[in-house]
Amino acid sequence: MSTTASALHSEHEHHPYGWRRWLFSTNHKDIGTLYLLFALTMFFLGGLSAMAIRAELLYPGLQMLDPDLYNNILTNHALIMIFGAVMPAGAGIANWMIPLMIGAPDMALPRLNNLSFWILPAAAMMLVLSFIVPFFPGGGTQVNTGWTLYPPLSVQVGMSMDFLIFAIHLLGISSVLASINIIVTILNMRAPGMTMFKMPIFCWAWFVTAFLLILVVPIIAGGVTMLLFDRHFGTSFFNAAGGGDPVLFQHLFWFFGHPEVYILILPAIGALAQVIPAFSRKPLFGYKSTVGSMLVIATLGMVVWAHHQYTIGMSLGTVSYFMIGTILISIPVGLIIFNFIATMWRGAMTFETPMLFATAMVLLFSFGGLTGVMLAVIPADVQYHDSMFVVAHFHYVLIPGAIYGLFAAVFYWLPKWTGHMYDEKLAKIFFWVNMISFNITFFPQHFLGLAGMPRRIIDYNVIFAEFNFLSSVAGLIYGFSHLLFLYIIIKAIRGGQQAKNKVWEGATGLEWELPSPPPFHSWETAPKIK
Amino acid sequence: MSQHNDTPSSHYFVPEPSPWPFIAMFAMFALLAGTALIINDIGFGNVLVTLGALLLTYMLYGWFRDVVGENLSGQYNHQVDRSFRQGMYWFIASEVFFFASFFGALYYIRNIAVPWLGGAGYLGTSALLYSQFTGDWPTAGPGDLGGDLTPMGAWGIPALNTMLLLSSGATLTWAHWGLKLNNQKTLVRGLIATITLGLLFVGFQAYEYQHAFAELNLTLASGVYGSTFYILTGFHGMHVTLGAIMLIAILGRSMKGHFSPRNHFAFEAVAWYWHFVDVVWLGLFIFVYMV
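Chains as they are written, first to last, in numbering that gives the first Met the number 0: chain A, 0 to 529; chain B, 0 to 290.
If we strip away everything but chain A, and leave its shape as in the complex, we get (with noise of 0.2 angstroms):
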């Protein structure tokens, strides 16, 4: 690839200053920064409310709070989580390099993309207003329900249920409008002669996941809709007594939620696809493979959603179709691990803190997809559903998934977009600190699951004590490592050594012919791509 050199110039710089610069933005690049901040306070927001939880759970027995106040943190550390930490991060790296992966001025519609951005902080108050409004007098009760919010239990949780269903209806337009916009952006913005089969994995991962994103949030806002209806306005969606039925709800849930899990894992996924490559020197290989699989994982899992619902008395038949669909998941996701390791294969691989997530990635989330099989087995998930088990499941999913695959793109991508070197030494530290002490957090949960102790339950059995123990002890240290991940970060921002254009010596890409950070306006021209 060869860019004209014309786009490169910063002299001719002009970018809005002040405060106009941020909140009134049109920029990608400042959206994207945007979306990353927002997603590194929730995440420590979420980090707080899972330190919360870790820290009742120290001991058997209650230690300090009351378990409606349990249930309240845990319902918003789910939320916070997937709602304010992962998908914003995802649409923040979006942001940032979509546009110079493939060689676009901005993203197509800039000015929503800024809607898209806004529209979460407005979200993310009603979020938290659902925490304390309880708290007022005459704000009801506490929202109890997990983040699933079944009825009838959410029909009958006090107002505070309410700004979380405005909360929802606000981060799906969020999310729909910014995926309307990457879709736009990859369709129409590319560069000339890139063609869709040469753009980088991670914009196709972004693609995948859009696509996603657009089919399946309006079916929750339609789901929360009728949970308002019912709260308020006395139909009967999930009323039995009127004909309904609360196992409708479910089906709305997870037809969301379940697709919602690969649009948390695609775009990791898809960062990884340029990490690997890029430390290990050597074009990733099945490109195309790779990009099918992600369009039948994507396929397939809109279909199967009702794994999550083995319990609820469907036929047979049906079970039996929502587990083969689920297993038959595991292969595309295979290929797509495999193609990673075969990346990897004699290559000449170095180990800089990205590449390290890269590998527990590849590790750990494949063992987490491992024990999804499991749960995937009917007569098994049957008892182990609603255990702890399926906390330490989609713990590994999502933490060496989706957020390690954030991290991995964060240390590979933050040269580039502060200009700084990160510091190696404390990353690698953060890495080590942080991967050991997930799995001893998370690993004595599969244990804790398989021997009977419930999820979602402020107090257990002292035969669970010592896992819990170990479990929380390692779960704190776990929590406050990322003080040092923010550390660096404010490190990198604030100066260090110069990044050069192209940071990493393996790397491929558009990203990688610009300045480090790259000039406000960037790709005016759009580069030729042979």
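Just so you know, not all the hints are guaranteed correct.
What the hints assert, rightly or not - Here are some chain A residues the structure puts well away from chain B; computed CB gaps all over 12 angstroms: (1) Gln62; (2) Thr224; (3) Leu327; (4) Asn438; (5) Arg455; (6) Gln497.
What the hints assert, rightly or not - Covered stretches of chain B, as calculated for chain A (at least 3 residues, CB under 8 angstroms): (7) 12 to 23; (8) 28 to 34; (9) 81 to 93; (10) 192 to 204; (11) 208 to 220; (12) 238 to 249.
Claimed, not checked - Computed footprint of chain B on chain A; a stretch qualifies when at least three of its residues, placed anywhere within it, have a C-beta under 8 angstroms from a C-beta of chain B: (13) 80 to 87; (14) 110 to 122; (15) 209 to 217; (16) 240 to 252; (17) 489 to 495.
These are computed hints drawn from the structure, not numbers from a lab. Predicted, not measured: the structure shown is a model, and the values here were computed from it. Glycine included, C-beta positions come from ideal geometry on N, C-alpha and C.
Model the placement of chain B on the given structure of chain A, informed by the hints.
Frame of chain A, contents of chain B only:
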């Protein structure tokens, strides 16, 4: 990127910083937080909703004014136009899926939930509960919530509304035809006819609701039949109203001569939207009223 001379991406229009998205945040927050307070009978919700609605209107007006101005001053090239078009496709696609959740709920309730309550299947519940319940449609459920109801027939106002909405699709195409031939008169007349038909539709729908509440005892609380009936027709009616407002804006712009045979994305976007609510109505007419 087929024609290099036509759309070099170096000329892709990237707008200057804009206050509207930031203002939208406050508008949406006030609107929804206010609604949450109102439905819980907390006084100052009204104030918040009013403020939010005013701010939202102001935001939409300002945002669209900017976009129209940029378009009229010729800053949008072919590629920008294509971005708008593709954006609108996928926006309508997301709306389709929003309605799909309600249609899916109707399907599930009629084909799975209600028969199940009526004893169908090997896990049918009526053997243990509700032994009198037969699971016929329409139903207010085993608890007969809301009392005896008369279901809404298909061949009165709903059939008339179907005709109105289908004809409005035709008049809109007539207007588009006029626009393409640069015939301002046909364009304006076609739009006025479409808006009239659309508003008539909304009027008849309101009358039908009033009739249902007053004479058929069919309300939101009439079990699951009432629930699905009102949520589907209600959200559709809301979309028709929204579409009609959009058409009125397009009518105003048409009279000002904003559109040319080659440059009229806004007209087409609203037309697509209108045809979309039209098709949703056909689904409603079949699955809510007829079957």
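Evaluated hints:
The Cβ of Gln62 (chain A) sits about 32 angstroms from the closest Cβ of chain B, beyond the 12 angstroms cut-off, so the non-interface label holds. Consistency note on Thr224 (chain A): stated as away from chain B, yet its beta-carbon is not over 12 angstroms from all of that chain's, at 8 angstroms minimum. For Leu327 (chain A), the condition that its CB be more than 12 angstroms from all CB atoms of chain B holds, with the nearest at approximately 23 angstroms. Every CB of chain B lies more than 12 angstroms from the CB of Asn438 (chain A), the least distance being 39 angstroms, so the non-interface label holds.
No Cβ of chain B approaches the Cβ of Arg455 (chain A) within 12 angstroms, the least distance being about 25 angstroms, so the stated non-interface status holds. A cut-off of 12 angstroms between C-beta atoms confirms that Gln497 (chain A) is not in contact with chain B; the least separation is 28 angstroms. Beta-carbon proximity to chain A at under 8 angstroms applies to 10 residues in the stretch 12 to 23 of chain B; the threshold of 3 is reached and the given coverage holds. Three residues within the 8 angstroms Cβ limit are the bar, and the stretch 28 to 34 of chain B against chain A gives 4, so the coverage statement holds.
For a cut-off of 8 angstroms, the count of residues in the stretch 81 to 93 of chain B with a CB near a CB of chain A stands at 9, and the three-residue condition holds. Given as covered by chain A, the stretch 192 to 204 of chain B fails the check, having 0 residues with a CB less than 8 angstroms from a CB of that chain where 3 are the minimum. With 3 residues having a Cβ less than 8 angstroms from any Cβ of chain A, the stretch 208 to 220 of chain B passes the three-residue criterion, so the hint holds. Check on the stretch 238 to 249 of chain B: 0 of its residues sit with their Cβ under 8 angstroms from a Cβ of chain A, so the three-residue criterion for coverage is violated.
As drawn, the stretch 80 to 87 of chain A meets chain B at 0 residues by the rule of a beta-carbon pair under 8 angstroms; below three, the given contact is violated. Using a Cβ-Cβ cut-off of 8 angstroms, 9 residues of the stretch 110 to 122 of chain A lie near chain B, which meets the minimum of three, so the contact claim holds. Remark: the stretch 209 to 217 of chain A is confirmed as covered by chain B, as 5 of its residues place a Cβ nearer than 8 angstroms to a Cβ of that chain, reaching the required three. Restraint check on the stretch 240 to 252 of chain A versus chain B: 9 residues with Cβ-Cβ distances below 8 angstroms, three needed, restraint holds.
Residues of the stretch 489 to 495 of chain A with a Cβ under 8 angstroms from some Cβ of chain B number 0, which does not satisfy the need for three, so the listed coverage is violated.
Checked against the numbered hints above, the structure breaks hints 2, 10, 12, 13 and 17 and satisfies the rest.
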